[in-house]
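Engineer: Protein sequence lines, in the order shown, are assigned to chains A and B. The first sequence: position 313 = 312 (numbering that gives the first Met the number 0), numbered continuously. The second sequence: position 192 = 191 (numbering that gives the first Met the number 0), numbered continuously.
Hints in this document: simulated from the structure, not taken from any laboratory. Here the structure is a predicted model, which means the values were calculated and not measured. Any given hint could be a false lead.
Said to hold, decoys possible - The list that follows gives simulated cross-link-like pairs (lysine-lysine, DSS-like), each with its CA atoms no further than 27 angstroms apart:
| id | chain 1 | residue 1 | chain 2 | residue 2 |
| --- | --- | --- | --- | --- |
| 1 | A | Lys-12 | B | Lys-171 |
| 2 | A | Lys-270 | A | Lys-139 |
| 3 | A | Lys-159 | A | Lys-730 |
| 4 | B | Lys-220 | A | Lys-97 |
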Amino acid sequence: MKNRDSKNHLQGKSIYIDDIPEISGTLYGLVYDSPIAHAKIINIDYSKAEELDDIVRILTYKDVPGENQIGAIIQDEPLFAEGEVHFIGQPIAFIVAKSELAARKAKKLIEANFEEKTIVTDPREAHKNKSYIAPPRTFKIGETKNIWETCEHIISGRVKSGGQEHLYLETQGAYAVPAEDGNIKLYSSTQGPTAVQKIAASVLNVKMNKIEVDVTRLGGAFGGKEDQATPWAIMVSLAAQILNSPVKFALNRHDDMRMTGKRHPYDSDFKMGLSKDLKILAYEADYYQNAGASADLSPAITERTLFHSTNSYFVPNTRTTVYSCKTNLPPNTAFRGFGAPQGMFLIEAAIHKAAEEIGVRVEEIQKQNLITINDEFPYGQLAEEDGAVKSWETAEKDFKLKELFSEVESYNSENKYLKKGVAVTPVTFGISFTNTAMNHARALVHIYQDGSIGISTGAIEMGQSVNTKIMQVAAHFLSVSTSRIKIETTNTTRVANTSPTAASSGADLNGQATQVACIALYKRLTGFAAKHFNVEVEKISIKDEFIYIEDKKTDWNWETLVEQTFLARIALTENGHYTTPKITFDKTKEKGHPFAYHVFGSAITTCTVDCIRGTYEIDSVKVVHDFGVSMNKLIDNGQIEGAVVQGIGWVTMEEIAYDEKGRLLSNALSTYKIPDILFAPKSIDIIHLKTDGHKFAIMKSKAVGEPPFNYGIGAYFAIQNAIKAYNSNFKSDYNSPATPERVLMGLYQK
Amino acid sequence: MIEFILNNQKIRTNEAEGMPLVDFIRYKQNLKGTKIGCREGDCGACTVLAGELIDDKISYKSITSCITPLKFAAGKHIVTVDGLNSDEIGSVQQHIHEHGATQCGFCTPGFVMSLTGFSLSTKKADYSDALSAVAGNICRCTGYKSIEKAIFDISEELKSKPEKDNIAWLIKNDYLPEYFIEIPERIKNLKNEISNKENGIVVGGGTDLYVQKADCLLENKIKTIKYISSKEKITQKDNLITLSALTTVTDIIESEIISNLFPKLAKQLLLISSEQIRNTATIGGNIVNASPIGDMSIILLALNSNLIIKNSSNIERTILLKDFHTGYKTFDLKEGELIENITFEIPNLDFKFNFEKVSKRKHLDIASVNSSILIIYKNNIIKDVHISGGGLAATPKYFEKTREFLINKEINKENILKAAEIIQAETSPISDVRGTTEYKKLLLRQLFYAHFIEIFSIDI
């Protein structure tokens, strides 16, 4: 089945925030944000701005009736700055005007005096000052202390991985419409409607039931709209409450890039010990995470770095610590992978460095140490499947890895200015919110008396086709055609207390809640049919929209069954509730069973570097991926391709740059580049690893959103290998991204 | 008051002529299919087609409507995704649908329009041209592989399109709706009186002005440049080539005169911006935008071009391009003066030309360093040479000393290595978001080598 939105997308009929028909009297918002990265606010004069035609009101912290606070995990983030500002782009005021142009003009007339303070943008500097978002966290397994002397090889080093702009094509935005009794209907481009609702209620000093959040779809999110969709949604709600008018705010790209956080840059130290036969005996890592000015989701991202610090490897003795460092940058936030890519990049860099120093092929170390059944992850959970080993072996065999290595070798000896490099990247990724309490979902399924079906869940559609999968689930468990099914907008009045659509869990959680509801409805309908036909319920089934008694088709079709059940005064609505079984995690011990299951895979990346110009192309990415049993190959393969290219972007051309004042330099699409169609790998081949699937995955089809992002890391190491083929003096500093600048400097390093 | 046709509807409007076309489409006409992703021409979500009647034939080009003034639409047929179909999807859309090549959908209308623009091209359909047609369209979800498959199928299907009556074929094959057939006649009935004498901010293609000061253009009168046909834009008289300042990059790519002189240039020009922007950006605009890294400035510098400048009383003066830029974003153009033409001479000896550019992303990116060279030689001896480089100084750089060194030198490795030292000493670039000083110096050397590797296959 194709993405259910496909035809509307293609005709431009799909509706995003800025496409919602405007109610007359709609006002437009614009944020006045801090131009200074760290300062005391001496005085701000809004008078000239307020006098401008068409300016309705300028809201500041003084206008907040409830809490001026939007921090979700830690309450350390004001909606509007009060006495101080902590990053460039921090909201100070919200200009509400009759036109966007008027608001832009007013913004230029605001006069502010600041007393500048010293700023910190480097996480190591923050670490020196012990300036953290939250106390450092450490995961341990075994004991690294006494193991070093037994190691044949000890490798240590420092590695940096860069930030990444989400660059969802639809910028952040929200539209609030006041209703009677102080209620507000709030359209928000958010992955977390409940978070928006809860924080809006707290800021507006009303109860949650006054705020109805409605989401049709997002034009991309990738984590960037998990927490950071909130401020704009709250601001339009506040303005709508105070002014009793509809208020809209769709950010322009520059404002979006300047004011929102990105993937966390990491600066890390590692120490790795290996035995003579290349077993990794010990691994220590200290990650200095650049969290920005407030917590946002950093504590949770910290956790996932630790969960994935050893990627696909079993290391008996590890100690890993994340320091979530407070800096004067916009609060960094969720981004596909959620801290795992940074952790995986570090151990992959460590292994590459080890191979170089020992003088062996990287793949020898990688393959030796892959995690397998009953090996323990550093957080206490045992590996239940052997996907790491199987995917590696399948890749080796089906993609003819040995032959590839020798082809590349002969290419490199024949070409002077062009060199190829190859890298293999294994990936193991845990599925579930690491905060156990968030692993639940509900689905509200209505069967209307004419046989049509409407489904509401907490899932947010943002291109990943979660709604298409939910439709498949309902069609399967009710045995009806998908054409009967409508997936409703995601709305907090229909499905409440939801978790954000994040952590790759959207289809698993909301799909299984839908499954619960549909199974209940199926039972109720077949139960009624059994009574009607006077047979045992076990003999009744619905197949392709007809009622069967054992193998005999009756003259009742779906519509008759629904109508008759309705007339018998039986409820045709069901609310399905699902919680992920078995998971648990004890933060005091940092041990438990946090993941429902793991997703495994291995990828082989090949690139060609132009050694005259320092530019490069990605030739191919060959992936063996554990989908479980994919419920929709077209959609799942699309997730792999999109994630791989996004991951490649992270380690190649996507470079976030701030100046010494904390000002974002890569502040537009002209200075921040993401892959285009001509940069995409020439080929991406995907093999579905043969498995029986996992019982906790929706219809045995495993979560697919984040894990494949990490295959992109391979591009970094393939490029390093190609540089080395040209310049044998080259020693990689393992700083990502591998921009054309870093590549050229490497090619001519002496 | 301007008149144009928007999809199947005649528009007569008094809205501000400097309003970005996308805002008129979305907020004045309520056609929400065209999306806004960046307002800088860098994402392609706002792509629409502009059809223009040239010598009685209609020619459609894709443009980014976010950096195009409303006034540009005057007398044209503007096509948005909303104008492509009624209920069912058409052929371009069908192929994308088949391959599941849309995820969040926000970029999708832009891809559909760029590919529809490709289908309207009079050139023989070719897969790599089709890819180029969407190189200005950014997608963050799909990783492009599914889009490529759709594009491949589209380009294969379009191979059966005849050269003549292509619009009839496209209608028959569900690429376009039927109303397209009547558009040329309807365009003829549009009334637009655009006087060249009116005052206002001069806008060529607008592709850079709208990035810099869209609000200012919205609130002021603008003066768009009158239309001249592509035949008149690029002319040759004896050994003198004249390019109108209004020449777009696409005009150069499609010019026979230019491709006869510089057979590889058309391909090299694909490194400049995107198809949508190449379709509207003018070389005059690139020169007065005065970016030290403007690709066209760098190319024209190496051709040792002259600028023909006219003032409001029609008095002409000529200045060498290398003398035109006086400092960062400053240049020798007085009040009321406009660049009319750019001219250069075809050398009377053997000559070779090359253009090199390295940027973070190969396409639709601003260079870290770019460079051009024109080498005039006889029997392997350099008789004259013009070398330019961008991103290295406050203005587009013309390398005088390197030229002096190379004249009358043999083309060999030793001389190139020596010249490379001179060229590096001739400039001291600053570190910025496009690269550090050390990188830019090294890259300049490498691109200088690349010129000789490309042209003479010299082993460095």
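Engineer: Hints first: check each against the structure and report whether it holds.
Structural biologist: Status of the hints after comparison with the structure:
With a C-alpha separation of about 24 angstroms, the suggested pairing of Lys-12 (chain A) with Lys-171 (chain B) holds against the 27 angstroms cut-off. The straight-line distance between the Cα atoms of Lys-270 (chain A) and Lys-139 (chain A) is roughly 14 angstroms, inside the 27 angstroms bound, and the hint therefore holds. Distance check on the hinted pair: Lys-159 (chain A) and Lys-730 (chain A) sit about 15 angstroms apart at the alpha-carbon level, within 27 angstroms; holds. At roughly 23 angstroms between alpha-carbon atoms, Lys-220 (chain B) and Lys-97 (chain A) fall within 27 angstroms of each other, so this suggested pair holds.
Checked against the numbered hints above, the structure violates none of them.
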